[in-house]
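Novice: Sequence:
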Amino acid sequence: MYNSCKQVSEFSLEGEILSQIFEDGDKLKYLRISGDRGIEYLVKLCKELRTSLSLVLTPGLRVKVAGEKQHNLKNGKIKLKAYSLKLSDSENPAQPQVDTKNTPVATLTCDREIHSRTASQTVVNPAKIKGKILVCQKSDCQKRGGAAVCKALENALNSRGLAGQVTIQGTGCLKQCKSGPNIVLMPDKTRYSRIKPAEIPAIIDQHFVVK
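Numbering (this note's numbering), first residue to last: 131 to 341.
Any given hint could be a false lead.
The calculated EDC-like cross-link candidates involving lysine to aspartate or glutamate, where the alpha carbons are at most 16 Å apart (straight line), are [as the list claims (entries may be wrong)]: (1) LYS209 x GLU170; (2) LYS194 x GLU153; (3) LYS260 x ASP166; (4) LYS209 x GLU140; (5) LYS159 x GLU329; (6) LYS174 x ASP154; (7) LYS174 x GLU329; (8) LYS136 x GLU198; (9) LYS268 x GLU329; (10) LYS262 x ASP318; (11) LYS281 x ASP318; (12) LYS260 x ASP335; (13) LYS194 x GLU146; (14) LYS262 x ASP166; (15) LYS211 x GLU140; (16) LYS211 x GLU198; (17) LYS262 x GLU284; (18) LYS207 x ASP335; (19) LYS326 x GLU170; (20) LYS194 x GLU140; (21) LYS159 x ASP270; (22) LYS319 x ASP154; (23) LYS281 x GLU329; (24) LYS216 x GLU146; (25) LYS319 x GLU146; (26) LYS174 x GLU153; (27) LYS326 x GLU198; (28) LYS194 x GLU144; (29) LYS207 x GLU170.
Just the calculated beta-carbon pair ranges, DEER-fashion [claimed, not checked]: (30) ASP270 x SER139: 24 to 34 Å; (31) ALA293 x LEU158: 41 to 51 Å; (32) PRO317 x GLY291: 13 to 23 Å; (33) GLN299 x ASP270: 10 to 20 Å; (34) CYS303 x GLU198: 35 to 45 Å; (35) SER164 x ASN288: 17 to 27 Å; (36) GLN150 x MET316: 38 to 48 Å; (37) CYS303 x GLU140: 46 to 56 Å; (38) ALA277 x ASN202: 11 to 21 Å; (39) SER269 x SER139: 48 to 58 Å; (40) GLU198 x THR301: 33 to 43 Å.
Since the hints were derived computationally from the structure, they do not count as laboratory data.
Beta carbons are placed, not taken as given, at the ideal position from N, Cα and C, and that holds for glycine.
Please model the complete structure; the sequences and the hints are all you need to start from.
Specialist: Here it is as structure tokens:
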């Protein structure tokens, strides 16, 4: 199947940064943002935002994002692509807005339904993604919440029907126990450190759920 129908509309969101997610040790890639209604969003930052706001985006700050919202009618997923991001006026009224109208600067995903105009688009529906998640089993990582992360991984995979496509494998030291718990997603070898159980569902959606 190659034809897919998507609903497209504009969106704006204001919320508080809950945490940062790094890849490759020190590269900021994602933010978790809590909206005013308590809904959490995983924000993938593009190079423009990482470069412009890398020293500004810290947990506890309130930010505003705006852009385009797409609802995939085949799988129910919603993507919010932000074209602008700035600090809320209540945090820093002097902070200039970062605005790239022609280039998406962030991608957010959530599960709530929307009603908007329908646009037909052509997309490729890939085969189910198969993968593996390596979880450090060293005592330091386990003391920092490794067992809870494993449980969250199992629950997230089972609830999405991915237990047969993605396996969880305990492994030896991943060389970053001080930043534990640590997981590595295969086959792309994406590493997450200081991971929290609450972050697992969004990460599974990001890497393994067919879009």
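Novice: Against each hint, give a clear statement of whether it holds in the structure.
Specialist: Do the hints match the structure? See the list:
1. LYS209 x GLU170: Distance of about 13 Å is within 16 Å: holds.
2. LYS194 x GLU153: violated (24 Å)
3. LYS260 x ASP166: Given that 16 Å is the threshold and the Cα spacing comes to 36 Å, the pair is violated.
4. LYS209 x GLU140: holds (11 Å)
5. LYS159 x GLU329: Between LYS159 and GLU329 the Cα gap is close to 14 Å, so the pair holds against 16 Å.
6. LYS174 x ASP154: holds (15 Å)
7. LYS174 x GLU329: holds (13 Å)
8. LYS136 x GLU198: Distance ~12 Å between LYS136 and GLU198 Cα, so the pair holds.
9. LYS268 x GLU329: violated (21 Å)
10. LYS262 x ASP318: holds (10 Å)
11. LYS281 x ASP318: Cα-Cα ~22 Å, so violated.
12. LYS260 x ASP335: holds (13 Å)
13. LYS194 x GLU146: Judged against 16 Å, a Cα distance of about 9 Å means the pair holds.
14. LYS262 x ASP166: violated (35 Å)
15. LYS211 x GLU140: holds (9 Å)
16. LYS211 x GLU198: It holds: about 5 Å lies between the C-alpha atoms, which stays within 16 Å.
17. LYS262 x GLU284: holds (12 Å)
18. LYS207 x ASP335: Answer holds: LYS207 to ASP335 is near 10 Å, not above 16 Å.
19. LYS326 x GLU170: Distance of about 14 Å is within 16 Å: holds.
20. LYS194 x GLU140: OK: LYS194 and GLU140 at ~14 Å, within 16 Å.
21. LYS159 x ASP270: Given pair LYS159, ASP270 is violated - Cα atoms ~25 Å apart, limit 16 Å.
22. LYS319 x ASP154: Holds, at about 9 Å.
23. LYS281 x GLU329: With Cα atoms ~12 Å apart, LYS281 and GLU329 stay inside 16 Å; holds.
24. LYS216 x GLU146: holds (12 Å)
25. LYS319 x GLU146: Distance of about 29 Å is beyond 16 Å: violated.
26. LYS174 x GLU153: Holds: LYS174 and GLU153 sit about 12 Å apart, inside 16 Å.
27. LYS326 x GLU198: Violated: LYS326 and GLU198 sit about 29 Å apart, past 16 Å.
28. LYS194 x GLU144: Distance of about 4 Å is within 16 Å: holds.
29. LYS207 x GLU170: holds (15 Å)
30. ASP270 x SER139: 24 to 34 Å: With a Cβ separation near 46 Å, ASP270 and SER139 fall outside 24 to 34 Å, so the hint is violated.
31. ALA293 x LEU158: 41 to 51 Å: violated (31 Å)
32. PRO317 x GLY291: 13 to 23 Å: Given about 20 Å between the Cβ atoms, the range holds.
33. GLN299 x ASP270: 10 to 20 Å: holds (19 Å)
34. CYS303 x GLU198: 35 to 45 Å: holds (43 Å)
35. SER164 x ASN288: 17 to 27 Å: About 25 Å separates the Cβ atoms of SER164 and ASN288, which means 17 to 27 Å holds.
36. GLN150 x MET316: 38 to 48 Å: For MET316 against GLN150, whose Cβ atoms are near 23 Å apart, the range 38 to 48 Å is violated.
37. CYS303 x GLU140: 46 to 56 Å: holds (47 Å)
38. ALA277 x ASN202: 11 to 21 Å: This hint is violated: roughly 34 Å between Cβ atoms.
39. SER269 x SER139: 48 to 58 Å: holds (49 Å)
40. GLU198 x THR301: 33 to 43 Å: holds (39 Å)
Against the hints set out earlier in the document, violations occur for numbers 2, 3, 9, 11, 14, 21, 25, 27, 30, 31, 36, 38.
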